[in-house]
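Enquirer: Listed here are the chains, written in short residue letters.
Number of protein chains: 2
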Amino acid sequence: MRQLNVELGERSYPIYIGEGLLDEVSSYFVKHGISQKSPLMIITDEKVAPFYLEHLTERLSAGGFKVVSAIVASGEQSKSLANLELLVTKALEGGLDRKSAIVALGGGVVGDLAGFVAASYMRGVKFVQIPTTILAHDSSVGGKVAVNHPLAKNIIGAFHQPEFVLYDLKTLQSLPDREVKAGLSEVVKHGLIWDKEFVDWCIANAGAMVSKQPEALGYALYKGCGVKAQVVSEDEKESSLRAILNLGHTIGHALEAVAGYNELLHGEAISIGMIGSAKLGVRYGASEDLLRVTALALESCGLPTRIPAHYDTDAILAAMMHDKKFSEGTVVFVVPVEIGKVEIKPDVPIQWVREIIEELKQED
Amino acid sequence: MRQLNVELGERSYPIYIGEGLLDEVSSYFVKHGISQKSPLMIITDEKVAPFYLEHLTERLSAGGFKVVSAIVASGEQSKSLANLELLVTKALEGGLDRKSAIVALGGGVVGDLAGFVAASYMRGVKFVQIPTTILAHDSSVGGKVAVNHPLAKNIIGAFHQPEFVLYDLKTLQSLPDREVKAGLSEVVKHGLIWDKEFVDWCIANAGAMVSKQPEALGYALYKGCGVKAQVVSEDEKESSLRAILNLGHTIGHALEAVAGYNELLHGEAISIGMIGSAKLGVRYGASEDLLRVTALALESCGLPTRIPAHYDTDAILAAMMHDKKFSEGTVVFVVPVEIGKVEIKPDVPIQWVREIIEELKQED
Numbered sequence: 001m002r003q004l005n006v007e008l009g010e011r012s013y014p015i016y017i018g019e020g021l022l023d024e025v026s027s028y029f030v031k032h033g034i035s036q037k038s039p040l041m042i043i044t045d046e047k048v049a050p051f052y053l054e055h056l057t058e059r060l061s062a063g064g065f066k067v068v069s070a071i072v073a074s075g076e077q078s079k080s081l082a083n084l085e086l087l088v089t090k091a092l093e094g095g096l097d098r099k100s101a102i103v104a105l106g107g108g109v110v111g112d113l114a115g116f117v118a119a120s121y122m123r124g125v126k127f128v129q130i131p132t133t134i135l136a137h138d139s140s141v142g143g144k145v146a147v148n149h150p151l152a153k154n155i156i157g158a159f160h161q162p163e164f165v166l167y168d169l170k171t172l173q174s175l176p177d178r179e180v181k182a183g184l185s186e187v188v189k190h191g192l193i194w195d196k197e198f199v200d201w202c203i204a205n206a207g208a209m210v211s212k213q214p215e216a217l218g219y220a221l222y223k224g225c226g227v228k229a230q231v232v233s234e235d236e237k238e239s240s241l242r243a244i245l246n247l248g249h250t251i252g253h254a255l256e257a258v259a260g261y262n263e264l265l266h267g268e269a270i271s272i273g274m275i276g277s278a279k280l281g282v283r284y285g286a287s288e289d290l291l292r293v294t295a296l297a298l299e300s301c302g303l304p305t306r307i308p309a310h311y312d313t314d315a316i317l318a319a320m321m322h323d324k325k326f327s328e329g330t331v332v333f334v335v336p337v338e339i340g341k342v343e344i345k346p347d348v349p350i351q352w353v354r355e356i357i358e359e360l361k362q363e364d
Numbered sequence: 001m002r003q004l005n006v007e008l009g010e011r012s013y014p015i016y017i018g019e020g021l022l023d024e025v026s027s028y029f030v031k032h033g034i035s036q037k038s039p040l041m042i043i044t045d046e047k048v049a050p051f052y053l054e055h056l057t058e059r060l061s062a063g064g065f066k067v068v069s070a071i072v073a074s075g076e077q078s079k080s081l082a083n084l085e086l087l088v089t090k091a092l093e094g095g096l097d098r099k100s101a102i103v104a105l106g107g108g109v110v111g112d113l114a115g116f117v118a119a120s121y122m123r124g125v126k127f128v129q130i131p132t133t134i135l136a137h138d139s140s141v142g143g144k145v146a147v148n149h150p151l152a153k154n155i156i157g158a159f160h161q162p163e164f165v166l167y168d169l170k171t172l173q174s175l176p177d178r179e180v181k182a183g184l185s186e187v188v189k190h191g192l193i194w195d196k197e198f199v200d201w202c203i204a205n206a207g208a209m210v211s212k213q214p215e216a217l218g219y220a221l222y223k224g225c226g227v228k229a230q231v232v233s234e235d236e237k238e239s240s241l242r243a244i245l246n247l248g249h250t251i252g253h254a255l256e257a258v259a260g261y262n263e264l265l266h267g268e269a270i271s272i273g274m275i276g277s278a279k280l281g282v283r284y285g286a287s288e289d290l291l292r293v294t295a296l297a298l299e300s301c302g303l304p305t306r307i308p309a310h311y312d313t314d315a316i317l318a319a320m321m322h323d324k325k326f327s328e329g330t331v332v333f334v335v336p337v338e339i340g341k342v343e344i345k346p347d348v349p350i351q352w353v354r355e356i357i358e359e360l361k362q363e364d
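Sequence order for the protein chains is A and B.
Everything in the first sequence is counted per this note's numbering, starting at 1 for the first residue and increasing by one.
Everything in the second sequence is counted per this note's numbering, starting at 1 for the first residue and increasing by one.
Same shape as in the complex, but just chain A:
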């Protein structure tokens, strides 16, 4: 079992990563002072529930905890104010009080939604995260929780740190291959922004990760969470440094916006976005090696590195304009300088971005 501490002063918390941790889940709840008198509520989605909800409920009940649970639809559309209201109804009906905890069992969507319920129910109750995807390693560090608004994603939310995060590597075994690969995209990103050695390790161990070998996945999550924890510790409320975590996201979000439903997973979109960023880095003077190694790391994990040719360049740029603040033909971008190091460039010419998007399409 690996343990990583996210250092945030009085809001610090540990991330436990290991095989079979769910079997002994109650001991972690006891250790962290979660009340056995006040009911706790597990929030999960309809995809994850059949695999782990019964086991988790049984283990917590056996440990003396009172458990209420709620299952939402899977997918981004569940992050809504309507679901917040519904989950608060369930919490009230279940008798949750100020000493209760909300437990997120699932991926990033469930974490964001359950986290915002925890942040706002009775002005804030305890929150525990039990991620069941690789991608969720990213959202399990940093306390950013939110729901969506019809006009904007993640616009209604809070910073609400969990009491602890419990990563049972066994739960990753049920992940479809495509989601494993997409999840590795954020793992590789954490190497690219912060830790060259870890990028080398990812390239060497990509096969083991893609085939879900627990030891490799455990180490990858430990290192990925570790980079994010360092960044977040230095900038909890995203005033400056934390922006480097957006590597690949400017192009990536735009691709998600123009892609059809489920055509590109988030991790796939930012994989392509990170290639675009590396190309920008080379334009700013970085070695061609930067692009080569970035592509190697992502391709080793089975991730796409090209924009499908039928995507419209103008539509991608328009989506970027909508997402970010533009001023006079330039855009803010996270640009790699070398493997393991990035910079925020406040004034990247949109024309460069257009050219790079074209390149990414032509090489398809």
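Simulated from the structure, these hints should not be mistaken for lab results.
Every residue, glycine too, gets a C-beta built ideally from N, C-alpha and C.
Just so you know, not all the hints are guaranteed correct.
Okay, derived cross-link-like pairs now, BS3-like style, lysine-lysine, Cα gap no bigger than 27 Å in a straight line [what the hints assert, rightly or not]:
1. A/K237 / B/K31
2. B/K66 / A/K237
3. B/K237 / A/K90
4. B/K90 / A/K153
5. B/K237 / A/K66
6. A/K37 / B/K237
7. B/K345 / A/K37
8. A/K90 / B/K153
9. A/K99 / B/K47
10. B/K47 / A/K345
11. B/K66 / B/K37
12. A/K237 / B/K90
13. B/K196 / A/K153
14. A/K237 / B/K37
15. B/K47 / B/K237
16. A/K66 / B/K153
17. A/K99 / B/K237
18. A/K237 / B/K99
19. B/K212 / A/K31
20. B/K37 / A/K153
21. B/K345 / B/K153
22. B/K237 / B/K153
23. A/K37 / B/K153
One side only, chain B facing chain A, incomplete, derived with CB under 10 Å [unchecked claim]:
24. V145
25. G157
26. E238
Derived coverage of chain A by chain B (criterion: at least 3 residues anywhere in the stretch with Cβ under 8 Å from a Cβ of chain B; other residues may be distant) [unchecked claim]:
27. 14–28
28. 121–130
29. 157–170
Use these hints to put chain B onto chain A, whose structure you have.
Expert: Relative to chain A, chain B alone:
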């Protein structure tokens, strides 16, 4: 101009109280680093808007601020998730970003609603309070913001401290007499829990306050906010001490619940509740003087001290049971020991409360 500082570490903030402060409102915004580049949004209600919205907007615009405004219906029903969604729509359409501020112009309802918008929009933006009622002096200290859920009041919320509070005593001149008196109920409460001298001052100056003399109201708000600020500084997240602020609220909330719409204002209900609490204090051994002075202070301010005879005792008790946790025939109560000092009694017999409710009715 009086200034009071609410001490909450890095979340500390000042309350400015004085006549005509709205005229120079821009200088306060500049002093507190509110951005002139990012639009700010004033949230107010349909009762307050006709009096002060245009003036406030004009003064801020003249000071170089970009202003968006939103008007909600007045009354408790405006504290809804539906209004949160609507106000976030307005904020997005108005171009509010992370450096924007949300400004509450109005009473407690507007403060709670606007505060929760500020707490959750983009995971938290700056918040400024411009209260226009006496009652709002209470909610302007402590950072408790929230909206209601169909099953429970204030159940979805946050602790979100303002950057500063600006109390322009001129805005109180438009308050109906009944609301002035009801607002004084919380002022007197702050004396009763903490400061005997201030209770004496309230009795001596009740006439001046009721007739809205600015000097008297300014001092009353300064002292009332001061008591609450001291309590909140010691217990920001309401783990223990802050509960003493609930003096009179256990019976008061129950009376509000059984009263018809607008039959009892909040301040009127807790005035009666505080008489009930004083009666409990006497049962626990306090001097009869406690009850006499409590009644004198409240009656001097023109507040009711009796329960209308037609209210059903069982209904009041049932509403109390719904509101609070009961165990085996007892209830938690804030009970005065002497004027200026209260205790939390965890096990007040419900039978005593029943008898006191009957007394409060018979003396009508």
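Enquirer: For each hint, tell me whether it holds in the structure or not.
Expert: Hint check:
1. Between A/K237 and B/K31, the direct Cα distance comes to roughly 23 Å. Compliance with the 27 Å bound is thereby established for this hinted pair.
2. Distance check on the hinted pair: B/K66 and A/K237 sit about 25 Å apart at the alpha-carbon level, within 27 Å; holds.
3. Distance check on the hinted pair: B/K237 and A/K90 sit about 24 Å apart at the alpha-carbon level, within 27 Å; holds.
4. Among the hinted pairs, B/K90 with A/K153 is consistent with the structure: their alpha-carbon atoms are about 15 Å apart, no more than 27 Å.
5. Between B/K237 and A/K66, the direct Cα distance comes to roughly 25 Å. Compliance with the 27 Å bound is thereby established for this hinted pair.
6. The suggested pairing of A/K37 with B/K237 holds, with an alpha-carbon distance near 21 Å, which does not exceed 27 Å.
7. The straight-line distance between the Cα atoms of B/K345 and A/K37 is roughly 21 Å, inside the 27 Å bound, and the hint therefore holds.
8. Simply put, A/K90 and B/K153 have alpha-carbon atoms about 15 Å apart, close enough for the 27 Å limit, and the pair holds.
9. For the suggested pair A/K99 and B/K47, the alpha carbons sit about 38 Å apart, so the restraint of at most 27 Å is broken.
10. Using a Cα cut-off of 27 Å, the hinted pair B/K47 and A/K345 is violated, with the two alpha carbons roughly 48 Å apart.
11. Restraint check: the Cα-Cα separation between B/K66 and B/K37 comes to about 7 Å, which is no more than 27 Å; the hinted pair holds.
12. For a cut-off of 27 Å, the pair hint linking A/K237 to B/K90 stands: about 24 Å separates their Cα positions.
13. With a CA separation close to 52 Å, the supplied pair B/K196 and A/K153 exceeds the 27 Å bound.
14. This hinted pair checks out: A/K237 and B/K37 have alpha carbons roughly 21 Å apart, not beyond 27 Å.
15. This hinted pair does not check out: B/K47 and B/K237 have alpha carbons roughly 32 Å apart, beyond 27 Å.
16. Among the hinted pairs, A/K66 with B/K153 is consistent with the structure: their alpha-carbon atoms are about 25 Å apart, no more than 27 Å.
17. For the hint pairing A/K99 with B/K237, the CA-to-CA distance comes to about 13 Å; that is within 27 Å, so the pair holds.
18. At roughly 13 Å between alpha-carbon atoms, A/K237 and B/K99 fall within 27 Å of each other, so this suggested pair holds.
19. With a C-alpha separation of about 56 Å, the suggested pairing of B/K212 with A/K31 is violated against the 27 Å cut-off.
20. Only pairs whose Cα atoms come within 27 Å are accepted, and B/K37 paired with A/K153 is accepted, the gap being roughly 23 Å.
21. A distance of roughly 24 Å separates the Cα atoms of B/K345 and B/K153; the hinted pair therefore holds under the 27 Å criterion.
22. Proximity of B/K237 to B/K153 is assessed by CA-CA distance (about 18 Å); at most 27 Å being required, the pair is judged to hold.
23. Under the criterion of a C-alpha separation no larger than 27 Å, the hint pairing A/K37 with B/K153 is consistent with the structure, at around 23 Å.
24. For B/V145, the shortest C-beta to C-beta distance to chain A is roughly 8 Å, which falls under 10 Å, so the interface hint holds.
25. Taken as an interface hint, B/G157 checks out: its beta carbon lies about 4 Å from the nearest beta carbon of chain A, inside 10 Å.
26. Below 10 Å, beta-carbon pairs count as interface contacts, and B/E238 has one with chain A at about 8 Å; its hint therefore holds.
27. Remark: the segment 14–28 of chain A is not confirmed as covered by chain B, as 0 of its residues place a Cβ nearer than 8 Å to a Cβ of that chain, below the required three.
28. Check on the segment 121–130 of chain A: 4 of its residues sit with their Cβ under 8 Å from a Cβ of chain B, so the three-residue criterion for coverage holds.
29. Interface restraint, the segment 157–170 of chain A with chain B: holds (3 residues with C-beta to C-beta distance below 8 Å; minimum three).
Hint compliance for this structure: hints 9, 10, 13, 15, 19 and 27 are broken, all remaining hints hold.
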